[in-house]
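A.B. asks: Guided by the hints, dock chain R onto chain C, whose structure is given.
2 protein chains.
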Amino acid sequence: MKIKLFIILSLMTTLAMAQKTLTLEDVMSGGSNWYNLQPENKYTAWWGNVPLETTADEVKNLVTGKTLVTVGQLNEIAGEKVVRSGHTVRFPYGGQPIAQVQTANKRIQLDWKKGNVVWSQAVPEGAEWQDFNTTSRHLAFTRQGNLFVLTADGQELQVSKDGSTDGSNDIVYGQSVHRDEFGITKGTFWSPDGQRLAFYRMDQSMVAGYPQVDISQRIAGVTMDHYPMAGETSHQVRVGIFDVKSRKTTWLELIGAPDDYHTNLSWAPDGKLLYVFELNRDQNDMQLVAYDTETGKLEKQLLQECHDKYVEPLHGLEFLPWNTSKAIMQSRRDGWNHLYLLDVATGETEQLTAGEYEVQQFVGFNKKQKCAIYLSNAEDPRTSCLFSLNLEKPRCTMLGSPEGVHSASLSEDGTMLIDRYSSPTVPRSINLIATQSVRSRRPNLVTNILTAKDPWQEQGYKIPEITSGSIKAADGVTDLYYRMVKPIDFDPQKKYPTVVYVYGGPHAHNVDARWHWCLRGWEAYMATKGYLLFILDNRGSEWRGREFEQATFRQLGDIEMQDQMEGVKFLKSLPYVDAERMGVHGWSFGGFMTTNLMCSYPDVFKVGVAGGPVIDWKYYEVMYGERYMDTPQTNPEGYERCSLLGKAKNLRGRLQIIFGYNDPTCVPQHTLSFLRACEDAGTQPDLFTYPGDGHNMFGRDQVHLHERITRYFDDYLAR
Amino acid sequence: MKIKLFIILSLMTTLAMAQKTLTLEDVMSGGSNWYNLQPENKYTAWWGNVPLETTADEVKNLVTGKTLVTVGQLNEIAGEKVVRSGHTVRFPYGGQPIAQVQTANKRIQLDWKKGNVVWSQAVPEGAEWQDFNTTSRHLAFTRQGNLFVLTADGQELQVSKDGSTDGSNDIVYGQSVHRDEFGITKGTFWSPDGQRLAFYRMDQSMVAGYPQVDISQRIAGVTMDHYPMAGETSHQVRVGIFDVKSRKTTWLELIGAPDDYHTNLSWAPDGKLLYVFELNRDQNDMQLVAYDTETGKLEKQLLQECHDKYVEPLHGLEFLPWNTSKAIMQSRRDGWNHLYLLDVATGETEQLTAGEYEVQQFVGFNKKQKCAIYLSNAEDPRTSCLFSLNLEKPRCTMLGSPEGVHSASLSEDGTMLIDRYSSPTVPRSINLIATQSVRSRRPNLVTNILTAKDPWQEQGYKIPEITSGSIKAADGVTDLYYRMVKPIDFDPQKKYPTVVYVYGGPHAHNVDARWHWCLRGWEAYMATKGYLLFILDNRGSEWRGREFEQATFRQLGDIEMQDQMEGVKFLKSLPYVDAERMGVHGWSFGGFMTTNLMCSYPDVFKVGVAGGPVIDWKYYEVMYGERYMDTPQTNPEGYERCSLLGKAKNLRGRLQIIFGYNDPTCVPQHTLSFLRACEDAGTQPDLFTYPGDGHNMFGRDQVHLHERITRYFDDYLAR
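Going line by line, the protein sequences match chains C and R. Numbering-wise (my numbering), the first sequence opens with residue 1 and increments by one. Numbering-wise (my numbering), the second sequence opens with residue 1 and increments by one.
No wet-lab data here; the hints were simulated from the structure. A hint or two may mislead.
Lysine-lysine pairs mimicking DSBU-like chemistry, simulated, CA-CA at most 30 Å apart [said to hold, decoys possible]:
1) C:K393 x C:K370
2) C:K161 x C:K297
3) R:K309 x R:K186
4) C:K649 x R:K529
5) R:K462 x R:K20
6) C:K20 x C:K494
7) R:K649 x C:K20
8) R:K42 x R:K368
9) C:K66 x C:K368
10) C:K453 x C:K42
11) R:K649 x C:K529
12) C:K649 x R:K20
Chain C extracted, bound-state conformation:
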């Protein structure tokens, strides 16, 4: 793949008719006018292989427009108002005219042809996480640390042992574990037939509690949140399999150490085996292991991946629907994330995709033509496009537009998909596409459902010029992509205050080929106030391969800042950038970068706003922290050098740190320790906090926050 150098795409210029100025109420998702400025949309769903469009009042065929069923009809069948909008209706059984609805109190299935209630069940009181299996209609749910199954016929079975510590804050069942790292998002996994439930049990009684103070009570209260900090004692996870019929739990006899990671649980199609990706705490030795689901015993160790830095299993197995002896797995073993075909009997693998790009998502199978559908950035590192790979013939076809960032939803048989994408100039496009892999390079577009116009332009707002391009990283070789937002009414003869927005950490990027180059609303707002914005994805960020990401290993912040300073060098080369008025802003890892840049380059950055920053990686959690930094015990000099506590004394510009007072991710100890270090060193950061909020602010707090951030730059950078 050739990376095009220094592409600048001019997106939009101010129209003569555009008079309105964007406000925070327009551009923030918590703003009062945000919804009105979103690109036009259509809501879609699949009923087996029939594409549907849902509206507030009805559900209709996406292609023909013919009404399937109305909201009124469904409520009439239910005998009560269970459906408030067509968007909330699901169609779990292809070919059967059954609509499923879940309200706060009940789960109900309605036959809109026969006009009767097929099945209905009250939602268990106090249920938190709910995992409903449409095949068996059993529901797995959690309540206060315990795990239950509510059977289709209404029996509530407690899966977790009701001991003195089980099912407490100390030992939790059926919840996501390992702090949602390693691709883990949940803690219950139904077998294909819906009769057995694999689940996580996490013992965190040995993990220190971080005190989270709730000031909303009459007298402030405290919750001790088990938070394993890097190098400290971690939690211990087990995997159980509960058989609904026998009501017995089988525990897997997991290999490895008690604090190893057990990720991406995958049931064999016949339910006999459960595949688990097992990773050691050091995160440099990963094995794929199969367990017998009847006995819990080790069946086989299928394959192993090791790496000097780290291995990061993020995806489970996807068994071929037409040949269950093989499954698709993902691996970065050749330096880029690619698809492999795994023989689950032998552990042998065959590489399916290859090249200097990354497979970003496995979407599913076209079962008829035996194709694997996936998203990759093979076209351009900033894109995410759809591909169909025929697994029998060596043939790969791009599906849909070669531009922009796509997402897809497959029909039941996988022969069709609904593609949604935006590109720098297209706010939203929805298309129905056939997924067979063909010889021609052009995709086989079936129907364009919607191509939205620019709502900002249509409503007469002034839109800043947004461009993207690339510069060289500090290594002189690697291309880094940026987005630049020029002030409204840009005059190249003027010099503008410039704000670098930064994230910079792994598993995220800020520049891609979405609408407006994925401009954040606040940047547009800042442009209306006369700022130039610059956003650069440094080494360490996502979708650029293993070496690009792992350049930062054991020294988080160093390489990232070097690359950002190349961005600054580029900015300083532009005549309209005021090098005397450079600011920086970022959140989370970007808060770490912002604080770090302010303290490391006090001559360059005059003003910074750091949100929810990491200050010292020893206060961050085991899973993420140790992957990139190892432990404070094994990498003491790295932790020391990367800590901002020692840099607090260098602060000269204006730095405001903002954090959620109840941030459970990047705990307040980070910010507070930095304050203490500044106080001891005689430097003067500024501070703000949102009581009751976590790592991020939402709704009205988000508007308040960005008014605050903007005001800080207005106070100290603009003038």
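C.D. replies: Just chain R now, with coordinates in the frame of chain C:
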């Protein structure tokens, strides 16, 4: 007493030679040059009736200058270096050549004439509070909630029962109770002969815990601080008497409710009775009660004081040395705090002092001439002068200067005292004075020990002009006193940004006749930066009588702000005050006032800095809070109206709130609740905090804090 209207005393004018500009390092007690700018001092002590001066190397007669003993001699006698400076030596036995020294590890008494160690004892390990009785040489001390006596001969006796809850954070022995209100400062009280120990036992197990988070640990920890909030369940106090000889404890059979207040414990001279001032939780009904110390039973209820608003017993009984059937007590029953002679047999009282002024402190007795020595502001509400009242003849004499604010230390027989005072023009004056009450109005000065020169002037610093005067309160009648600090190089043709510094709460004042009118160092610093400072003691503040203080009852903030706005009206009448640049700053009650003024008068105050503010009195503690506000249950509309949560929406100017992250007095819930209210209302206060600090900042943090406060006014008020 006639209050002089509108006195303005011009203190100092800039000298031609003064060139140096004061910095925060000069004026803050945590600053590096603060010590060098303190007025000259001498350290004094009494050895019976012999006045002493202590120096680093020796102890000498204050009058003759003759050396008593040197530090070297004492260490030689001890056989080790127990004395580091003459200042640490005490002389507990008048007439006996015995020096007492306490180090971290031992308590030792040395006879400097015989040259031997009279007595010595190791300080018990882990001892916290220590109360040593020089008569019996028994030591009472606390350790982790428990109370012990270490006898003179070295036996350690545990006074507190060692049960499962006794002597824990839930039940504490021998500590100050009722959160140091009602004049309580400690929890152990030796009988006159030092053989019996009265002590407090406080059960706070029923009091909700406020979570205090310690971020200095590897992983932040939490302590639950029993903090009884207004209207909530309070702690319960008992009083025990431990007999060292019998090793038995007698518990007083206290009258009243379990959460009543038991204050100002006073032993009868013969040890047979213990007098306790008993106050109901509503604080409007006080009784003086005597208990039999042998049986713990009620002996008699001597007198009762009630008031619609509140009664506040702050002082114990002072028995006449020459007639133990009578004692001096203090009461505000006639509207001003005065001395009364109590007949402890009948409870009858005779008023000793009277007038529209307040007795501020009872100093002691002249035992020979039968005089009571006390401090009052009879001369001027801003002064605190010494008086000697002959109790046998109706004769009262002022001792020492009629100006300034005095403090005194009496000789053993009370015939002499060492008087220390400062006045607006005198930085420090030390005098040895005879205390007999004589007919002449002039005091009988014996020796002027020291009159310090102005160290700022001597060292060539520019000093601002500091004046004091009075204006009328919002009631149009009451005089209120202010201090005004003019900017350095004051030019009456200019208009200056003006900052009102405010406290405004009870039991404190900001304007008195100390050196520089008790100018705070920060004000001098602000004057160097071109600000005018104004400080006014509103109604509700101290030493102005009951009616003046109680004007604010059940409505804290209202009257106080009305009076402060009279100050603003006065400021606006001055041509050199820039009414467009008015700021306000205060801490604690002053933080409450600052926040309140910013939200109540957004058109007047452009910038405010509020430290450790009360935001809603329901978050403040029972003892102080309910005295002035009653409870949220009995005064709901008062709590509602005085809460700043409802005023958060009015904030328009720039307000920075600063608090100690571990403030145990005005808990962080105040500030954090206000932030949340502002966030919900869409207003934008600023914030800062000092992790690890309590209600106030000390040392280097104090310098950091004032740099911060100053910067805020520089940022938003000066320009």
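A.B. asks: Each of the hints needs a verdict: does it hold here or not?
C.D. replies: Evaluated hints:
1. C:K393 x C:K370: Between C:K393 and C:K370 the Cα gap is close to 9 Å, so the pair holds against 30 Å.
2. C:K161 x C:K297: holds, 21 Å
3. R:K309 x R:K186: Given that 30 Å is the threshold and the Cα spacing comes to 27 Å, the pair holds.
4. C:K649 x R:K529: Distance ~25 Å between C:K649 and R:K529 Cα, so the pair holds.
5. R:K462 x R:K20: holds, 6 Å
6. C:K20 x C:K494: Holds, because 23 Å separates the two Cα atoms, which is no more than 30 Å.
7. R:K649 x C:K20: Holds: R:K649 and C:K20 sit about 28 Å apart, inside 30 Å.
8. R:K42 x R:K368: Cα-Cα ~28 Å, so holds.
9. C:K66 x C:K368: holds, 27 Å
10. C:K453 x C:K42: OK: C:K453 and C:K42 at ~13 Å, within 30 Å.
11. R:K649 x C:K529: Distance of about 25 Å is within 30 Å: holds.
12. C:K649 x R:K20: With a Cα-Cα distance of about 28 Å, the restraint between C:K649 and R:K20 holds, given a limit of 30 Å.
Taken one by one, the earlier hints all hold for this structure without exception.
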